[in-house]
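Asks: Sequence:
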Amino acid sequence: MPWLGLVGAGAGLVWLEMQRQDVSSELAAERLRCETIEADVQAERLADRRQCQADKRAMDVEHLATMETLKSAFAERERILETRKRLAVDKARLAGAESVLASASSNDPEANALLQEVRRLRVEMESQESSLAAADEQLRAATEEIERLGMEKRKMARALDSANLAVAEAEQARGDAAREVQQAKERSVELEWDRFVLNTVQEVCWDGTKRRRETCRTAVRRDLLQSKVEWLVCRLEQGARPTLTQGDADEPPTAGARLLYDRGSRSSWLVLCDHALRDGSDPG
Numbered sequence: 000m001p002w003l004g005l006v007g008a009g010a011g012l013v014w015l016e017m018q019r020q021d022v023s024s025e026l027a028a029e030r031l032r033c034e035t036i037e038a039d040v041q042a043e044r045l046a047d048r049r050q051c052q053a054d055k056r057a058m059d060v061e062h063l064a065t066m067e068t069l070k071s072a073f074a075e076r077e078r079i080l081e082t083r084k085r086l087a088v089d090k091a092r093l094a095g096a097e098s099v100l101a102s103a104s105s106n107d108p109e110a111n112a113l114l115q116e117v118r119r120l121r122v123e124m125e126s127q128e129s130s131l132a133a134a135d136e137q138l139r140a141a142t143e144e145i146e147r148l149g150m151e152k153r154k155m156a157r158a159l160d161s162a163n164l165a166v167a168e169a170e171q172a173r174g175d176a177a178r179e180v181q182q183a184k185e186r187s188v189e190l191e192w193d194r195f196v197l198n199t200v201q202e203v204c205w206d207g208t209k210r211r212r213e214t215c216r217t218a219v220r221r222d223l224l225q226s227k228v229e230w231l232v233c234r235l236e237q238g239a240r241p242t243l244t245q246g247d248a249d250e251p252p253t254a255g256a257r258l259l260y261d262r263g264s265r266s267s268w269l270v271l272c273d274h275a276l277r278d279g280s281d282p283g
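Residue numbering for the sequence shown follows numbering that gives the first Met the number 0, beginning at 0 and increasing consecutively.
None of these hints come from the bench; they were simulated from the model.
In this text, a Cβ means the ideal position worked out from N, Cα and C, and glycines have one as well.
Incorrect hints may have been included.
Derived Cβ-Cβ restraints for the label pairs, each shown as a range [as the list claims (entries may be wrong)]:
1. A133 <-> Q171: 54 to 62 Å
2. E128 <-> E151: 32 to 40 Å
3. L148 <-> Q171: 31 to 39 Å
4. R221 <-> Q171: 42 to 50 Å
5. A172 <-> R221: 39 to 47 Å
6. R153 <-> S187: 44 to 52 Å
7. E136 <-> D175: 56 to 64 Å
8. A57 <-> A134: 28 to 36 Å
9. A134 <-> A94: 22 to 30 Å
10. L164 <-> R78: 21 to 29 Å
11. R92 <-> M155: 28 to 36 Å
12. S161 <-> R221: 52 to 60 Å
13. E151 <-> E236: 48 to 56 Å
14. R221 <-> R173: 24 to 32 Å
Put together the whole structure using the sequences plus the hints.
Replies: See below:
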């Protein structure tokens with residue numbers, strides 16, 4: 000490198016290697032930070048899903064308890080109905096006895112006492128029958144309410160299952176979409192890098208003999224590959240556009256420029272990170 004000097008070139012290569020190592024470390028740290036954030040998000044989603052599952056299990060337990068209560072209520076209603084049937088039979092028998100005693104009470108004083116006892120028992124049975132009817136009505140209303148609540152809980156359980164499924168599907172879709180977008184970005188960057196290498200090789204190694212052009216292409220590709228980390232930092236992190244230009248032998252390289260290739264001529268090719276060219280701008 001005649002215009003930089005052997006010592007300056009060596010120092011420059013050492014400095015560039017140190018810069019490349021620093022950039023590589025920064026990229027690794029940034030990648031680790033992104034992975035940590037993604038892990039935290041996944042953990043939060045997992046916690047939410049586990050909470051939904053816990054809510055579903057609690058609702059299932061509550062539903063089972065409700066069904067047991069409903070079974071007990073139905074059993075109690077059956078018991079009340081059986082008791083009312085027995086009271087109806089006993090009441091009919093008392094009515095027959097009361098009719099017979101009423102006919103005999105005018106001639107038999109003992110029959111009159113029995114008649115009064117039968118009438119008292121009839122009134123007591125009617126009172127019990129009324130109480131049982133009221134209890135049966137309350138149980139009927141309670142069972143209807145329990146059935147209604149049970150239906151609502153089943154609907155809520157189905158809705159919760161659907162919501163959990165929808166959340167899981169949405170998360171899967173978002174994850175798939177994010178991966179596709181990331182893969183598309185990576186492919187786009189690689190295609191841009193390939194175009195940059197191709198254009199640079201054509202720009203630098205366009206003249207000379209065939210052998211000289213091949214030697215030039217090999218050297219340029221090698222030097223570009225060594226500068227790929229800086230190219231990625233310029234393009235992705237800084238949002239600028241790597242460009243190719245020619246340096247003057249009488250002037251030092253622009254700050255931040257990288258010496259690409261020196262053909263031993265009066266000028267050398269430099270790769271610049273041009274912040275005047277942002278994403279979407281036209282380099283030409």
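Asks: Does each hint fit the structure? Answer for all of them.
Replies: Outcome of the hint check:
Checked against the hint of 54 to 62 Å, the C-beta distance between A133 and Q171 comes to roughly 57 Å, which is consistent with it. With their beta carbons about 35 Å apart, E128 and E151 fall inside the hinted range of 32 to 40 Å. The hinted window of 31 to 39 Å between L148 and Q171 holds, with their beta carbons roughly 34 Å apart. Evaluation of the 42 to 50 Å hint for R221 and Q171 yields a pass: the beta carbon distance comes to about 43 Å.
The supplied range of 39 to 47 Å is met by A172 and R221, whose beta-carbon atoms lie about 43 Å from each other. Our hint of 44 to 52 Å for R153 and S187 holds, since their Cβ atoms are close to 50 Å apart. Between E136 and D175 the C-beta distance comes to about 58 Å, which sits within the given range of 56 to 64 Å. At about 32 Å, the beta-carbon gap between A57 and A134 stays in the expected band of 28 to 36 Å.
Taking 22 to 30 Å as the suggested C-beta distance range, the pair A134 and A94 conforms, at roughly 24 Å. Distance hint for L164 and R78: a CB-CB separation of about 43 Å, inconsistent with the stated range 21 to 29 Å. A hinted range of 28 to 36 Å for the beta carbons of R92 and M155 is inconsistent with their spacing of about 52 Å. Range check, S161 to R221: Cβ separation about 59 Å, and the 52 to 60 Å hint holds.
Restraint check, E151 to E236: a C-beta distance of roughly 55 Å satisfies the suggested window 48 to 56 Å. As the Cβ distance of R221 to R173 is approximately 41 Å, the hint placing it in 24 to 32 Å is violated.
The structure fails hints 10, 11, 14 (numbered hints given earlier, in ascending order).
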